[in-house]
Amino acid sequence: GAGVSQTPSNKVTEKGKYVELRCDPISGHTALYWYRQSLGQGPEFLIYFQGTGAADDSGLPNDRFFAVRPEGSVSTLKIQRTERGDSAVYLCASSRTGGQSEQYFGPGTRLTVT
Amino acid sequence: GNSVTQMEGPVTLSEEAFLTINCTYTATGYPSLFWYVQYPGEGLQLLLKATKADDKGSNKGFEATYRKETTSFHLEKGSVQVSDSAVYFCALTKAAGNKLTFGGGTRVLVKP
Numbered sequence: 001g002a003g004v005s006q007t008p009s010n011k012v013t014e015k016g017k018y019v020e021l022r023c024d025p026i027s028g029h030t031a032l033y034w035y036r037q038s039l040g041q042g043p044e045f046l047i048y049f050q051g052t053g054a055a056d057d058s059g060l061p062n063d064r065f066f067a068v069r070p071e072g073s074v075s076t077l078k079i080q081r082t083e084r085g086d087s088a089v090y091l092c093a094s095s096r097t098g099g100q101s102e103q104y105f106g107p108g109t110r111l112t113v114t
Numbered sequence: 001g002n003s004v005t006q007m008e009g010p011v012t013l014s015e016e017a018f019l020t021i022n023c024t025y026t027a028t029g030y031p032s033l034f035w036y037v038q039y040p041g042e043g044l045q046l047l048l049k050a051t052k053a054d055d056k057g058s059n060k061g062f063e064a065t066y067r068k069e070t071t072s073f074h075l076e077k078g079s080v081q082v083s084d085s086a087v088y089f090c091a092l093t094k095a096a097g098n099k100l101t102f103g104g105g106t107r108v109l110v111k112p
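As given, the protein sequences belong to chains A and B, one line each in that order. The first sequence: position 41 = 41 (my numbering), numbered continuously. The second sequence: position 6 = 6 (my numbering), numbered continuously.
Next up, chain A with everything else stripped away, as it sits in the complex (with noise of 0.2 Å):
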């Protein structure tokens, strides 16, 4: 079946726009994670959804940085006056259930911001 996908691929904008980065999880899975990867480094955890709730935001950088999952399917992180440090890939995971069940990564949005 078909795995987690993320849109754009690539997506560069200029210091103090606003982006919207999307996530189709795999079908049926409840469970939504947003990761943000900078370059060399690990990925650090965003926030987390069971269903159309956000269960866990903690590790929202500020209030810049939004994500929403209205109908418990598709996920929008959504990021407000961009700045240069926002510069990373920021990945998408599902999981079956949450708690323990294996969370599947999709590829990743590259985000460059000039």
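Calculated from the structure, these hints are not laboratory results. Predicted model, so just to flag it, every value in this text is computed and none were measured. By construction, the Cβ of each residue, glycine as well, lies at the ideal position given by its N, Cα and C atoms. There's no promise every hint is true.
To spell it out: a stretch of chain A is covered by chain B in this simulated footprint if at least three of its residues, at any positions, have a beta carbon under 8 Å from a beta carbon of chain B; those stretches are [stated by the list, open to error]:
| # | stretch |
| --- | --- |
| 1 | 32 to 43 |
| 2 | 47 to 61 |
| 3 | 88 to 101 |
| 4 | 106 to 114 |
Lysine to aspartate or glutamate pairs mimicking DMTMM-like chemistry, simulated, CA-CA at most 25 Å apart [claimed, not checked]:
| # | chain 1 | residue 1 | chain 2 | residue 2 |
| --- | --- | --- | --- | --- |
| 5 | B | 60 | A | 102 |
| 6 | B | 52 | A | 102 |
| 7 | B | 94 | A | 102 |
| 8 | A | 15 | A | 44 |
| 9 | B | 94 | A | 83 |
| 10 | B | 94 | A | 14 |
| 11 | B | 56 | A | 102 |
| 12 | A | 11 | B | 42 |
| 13 | B | 111 | B | 8 |
Restraint-style ranges between C-beta atoms, simulated for each label pair [as the list claims (entries may be wrong)]:
| # | chain 1 | residue 1 | chain 2 | residue 2 | range |
| --- | --- | --- | --- | --- | --- |
| 14 | B | 41 | A | 84 | 22 to 30 Å |
| 15 | B | 54 | A | 84 | 44 to 52 Å |
| 16 | A | 70 | B | 83 | 39 to 47 Å |
Given the coordinates of chain A, assemble chain B onto it according to the supplied hints.
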């Protein structure tokens, strides 16, 4: 808080050599431990996992044993192939949790 430390790379090996990548963790309670692999141009994939002390995870010739006494989860493979060239990430989740905490990754390059 939780953290994972793994050896820095790159690690360069010849084909059929023995590979070890060290990983140690800091966490309260009893985390689950994972190794993920990222092949060139591909997304992160789960390689193996262990959910309790003394468990051994294994897959594709790779093994790692959950050592609570040394808070370690070292990855080993007895005979590497060129196709094992990738970046390897050690990670943990808390027992009742969900978010993964990753180490910094170790790049492995296997030469023919």
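Hint-by-hint comparison with the structure:
Residue count for the stretch 32 to 43 of chain A with a Cβ under 8 Å from a Cβ of chain B: 6. That meets the three needed, and the coverage hint holds. Counting residues of the stretch 47 to 61 of chain A whose C-beta sits closer than 8 Å to any C-beta of chain B gives 4, which meets the bar of three, so the coverage hint holds. A stretch counts as covered by a chain when three or more of its residues have a beta carbon under 8 Å from one of that chain; for the stretch 88 to 101 of chain A and chain B the count is 6, and the coverage holds. Note: the stretch 106 to 114 of chain A has 3 residues with beta-carbon separation from chain B under 8 Å; the three-residue rule is met and the coverage holds.
Of the pairs offered as hints, the one joining residue 60 (chain B) and residue 102 (chain A) holds, with about 17 Å between alpha carbons and a cut-off of 25 Å not exceeded. Between residue 52 (chain B) and residue 102 (chain A) the alpha-carbon distance is near 16 Å, which keeps this suggested pair within the 25 Å criterion. Annotation: proposed proximity of residue 94 (chain B) to residue 102 (chain A) holds, straight-line Cα distance about 14 Å (limit 25 Å). For the hint pairing residue 15 (chain A) with residue 44 (chain A), the CA-to-CA distance comes to about 22 Å; that is within 25 Å, so the pair holds.
A hinted pair counts as satisfied when its Cα atoms are at most 25 Å apart, and residue 94 (chain B) with residue 83 (chain A) does not qualify at roughly 32 Å. Note on residue 94 (chain B) and residue 14 (chain A): the hinted pairing is violated, with a Cα-Cα distance of about 38 Å set against a maximum of 25 Å. Pair hint residue 56 (chain B) plus residue 102 (chain A) holds up; C-alpha atoms about 17 Å apart against a cutoff of 25 Å. A distance of roughly 18 Å separates the Cα atoms of residue 11 (chain A) and residue 42 (chain B); the hinted pair therefore holds under the 25 Å criterion.
At most 25 Å may separate the alpha-carbon atoms for a hinted pair to count; residue 111 (chain B) and residue 8 (chain B) meet this at roughly 19 Å. Look at residue 41 (chain B) against residue 84 (chain A): about 25 Å separates their beta carbons, and that is inside 22 to 30 Å. Taken as a hint, the range 44 to 52 Å holds for the pair residue 54 (chain B) and residue 84 (chain A), whose Cβ atoms sit roughly 46 Å apart. A hinted range of 39 to 47 Å for the beta carbons of residue 70 (chain A) and residue 83 (chain B) is consistent with their spacing of about 41 Å.
In this structure, the hints that do not hold are numbers 9 and 10, in rising order.
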